[in-house]
Amino acid sequence: MNTINAILVQSHPLEGWFFGSGKALVVLAVALILLIGFGLWMWRAEARLKKMEAKLNQKTSRES
Amino acid sequence: MAHNVWKIGGFALITYVLVMVFVVPMGPGLLELRSTEGTFISEEMERPIPEYFLTGFATHWNEAPDQLSVIVRSQSNLVQLQVIEVLDDTHARIGVSLPYSLPSKSWDVLINHPVDGTLLLENGLFLSDRFIDESLALPALAIEEFAADLPFHFPYQPRILETIRNLMLHVPMWFTMFVLMGIAFVASIKQLATSRSMVEDEKAEASVKAGLLFGILGLITCSVWARFTWGAWWVDDPQLNGALVTVLVYSGYIVLRNSIDNAPLRARLSAVYNLFAFIILIILLMVLPRFTESLHPGKGGNPGFNSYDLDSALRAAFYPAVIGWILIGIWMYRVNLRFTRLNKLLK
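Each protein sequence line maps, in turn, to chains A and B.
In terms of numbering that gives the first Met the number 0, the first sequence opens at residue 0 and continues consecutively.
In terms of numbering that gives the first Met the number 0, the second sequence opens at residue 0 and continues consecutively.
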């Protein structure tokens, strides 16, 4: 019976635990938060760049 | 808003892919049939039978333990084995009562189960202590193949197992890098054709920087995957080494740009360098690994995942992943380009 237990333990317990216990959903939630956060950061960065480009264009047109 | 749809679409696709990666279950498979070194005495047979331990992966044997049937096969010879006990969904004790004289030492293991369908473990049973007579034919046994009765799942792959999910994160990185380096390649050609303007040079620089990020992410996901499937963080493989060299070559592009102060000279020299870098990328990642021995799937004679994925389950997540990552990559390139231009104007 000891041999059976040894084989049971070694047959990929980590993956089984990861998906069986629901921890995969926690990782999914963290990954989605990071992805959405990155998307929002990109959106804001682009909006700021647009504003700065507009200001700079105004400035150069006034100077010319 | 309409011109931003593709950006939202890119992130929506990756959100869908991430949900698929972490939620879709794996299909069933067989891991091993191993001797317990013990024996089992059944009521029907007086002599002890060698006991083996069968391990499945994502199987559902407990749902119908009485209907689990285990067969070993060598060419046209089939032998039914005795299921002593189903311990849980993925483990069962099996009695291997094969005659002393056999046509082969090596046998495939087949499982029939109403939920998991018919599963195969090639060369799963090796009997070294038997007399082998290749002309021997065992009594015929009729078996029927079962179709799996399972919800949508990713296909089981020996050795890769759960890490097949990494396909949606690793391969699209290289596709995105290819697209971005392709944009940089075209921009460099245009830069050499119209050497007075710096517009194309800025495009090439922004595109290479974004592409390089995806290349580094591709190397990281590659290394993690290699650790699980091949047992090492890095192996001496033409595909892996080629990918690393490509990333280093493009890092050299950034170094070259930063080492030249004269803008027109920098634009011309880096455009020429970029042309060679893209050709090296094609040779090292697309051509060379196909002509040499490689562990990498789809290279050096190894089949890609598409040949195993008969029900196309992976495609439902893989294609959106490729499109999504490419859209995000192009957005990153565009933001980087605008930032570079603005930075230059402010300077």
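Accuracy of the hints is not assured; some may be wrong.
[Unchecked claim] The calculated lysine-lysine pairs, modelled on BS3-like cross-linking and capped at a C-alpha distance of 27 Å, are:
1) Lys49(A) to Lys189(B)
2) Lys50(A) to Lys208(B)
3) Lys104(B) to Lys50(A)
4) Lys104(B) to Lys54(A)
5) Lys6(B) to Lys208(B)
6) Lys6(B) to Lys343(B)
7) Lys189(B) to Lys346(B)
8) Lys58(A) to Lys343(B)
9) Lys208(B) to Lys189(B)
10) Lys208(B) to Lys104(B)
11) Lys343(B) to Lys49(A)
12) Lys208(B) to Lys49(A)
13) Lys346(B) to Lys54(A)
14) Lys50(A) to Lys346(B)
15) Lys49(A) to Lys6(B)
16) Lys58(A) to Lys189(B)
17) Lys58(A) to Lys346(B)
18) Lys104(B) to Lys58(A)
19) Lys104(B) to Lys49(A)
20) Lys346(B) to Lys208(B)
21) Lys189(B) to Lys343(B)
If you're looking for bench data, these hints aren't it; they were derived computationally from the structure.
Structure-based check of each hint:
Proposed proximity of Lys49(A) and Lys189(B) is supported: the alpha carbons are some 26 Å apart, at most 27 Å. Restraint check for Lys50(A) and Lys208(B): the C-alpha separation of about 24 Å stays at or below 27 Å, so the hint holds. Under the criterion of a C-alpha separation no larger than 27 Å, the hint pairing Lys104(B) with Lys50(A) is inconsistent with the structure, at around 75 Å. At roughly 80 Å between alpha-carbon atoms, Lys104(B) and Lys54(A) are farther apart than 27 Å, so this suggested pair is violated.
For the proposed pair Lys6(B) and Lys208(B), the alpha carbon gap of about 19 Å is at most 27 Å, so the pair holds. A distance of roughly 26 Å separates the Cα atoms of Lys6(B) and Lys343(B); the hinted pair therefore holds under the 27 Å criterion. Restraint check for Lys189(B) and Lys346(B): the C-alpha separation of about 25 Å stays at or below 27 Å, so the hint holds. For a cut-off of 27 Å, the pair hint linking Lys58(A) to Lys343(B) stands: about 15 Å separates their Cα positions.
For the hint pairing Lys208(B) with Lys189(B), the CA-to-CA distance comes to about 18 Å; that is within 27 Å, so the pair holds. Of the supplied pair hints, the one linking Lys208(B) and Lys104(B) is violated, its CA atoms being roughly 56 Å apart against a limit of 27 Å. Of the supplied pair hints, the one linking Lys343(B) and Lys49(A) holds, its CA atoms being roughly 15 Å apart against a limit of 27 Å. Restraint check for Lys208(B) and Lys49(A): satisfied, since their Cα atoms lie roughly 21 Å apart, inside the 27 Å limit.
Between Lys346(B) and Lys54(A), the direct Cα distance comes to roughly 15 Å. Compliance with the 27 Å bound is thereby established for this hinted pair. The hinted pair formed by Lys50(A) and Lys346(B) meets the criterion: a straight-line CA distance of about 17 Å does not exceed 27 Å. Annotation: proposed proximity of Lys49(A) to Lys6(B) holds, straight-line Cα distance about 16 Å (limit 27 Å). As the CA atoms of Lys58(A) and Lys189(B) are separated by approximately 30 Å, the hinted pair breaks the 27 Å bound.
Simply put, Lys58(A) and Lys346(B) have alpha-carbon atoms about 15 Å apart, close enough for the 27 Å limit, and the pair holds. The hinted pair formed by Lys104(B) and Lys58(A) fails the criterion: a straight-line CA distance of about 85 Å is larger than 27 Å. A threshold of 27 Å between alpha carbons decides the hint, and for Lys104(B) with Lys49(A) the separation of about 72 Å lies outside it, so the pair is violated. Taken as a hint, the Lys346(B) and Lys208(B) pair is honoured in the structure, with Cα atoms around 20 Å apart against an allowance of 27 Å.
The straight-line distance between the Cα atoms of Lys189(B) and Lys343(B) is roughly 20 Å, inside the 27 Å bound, and the hint therefore holds.
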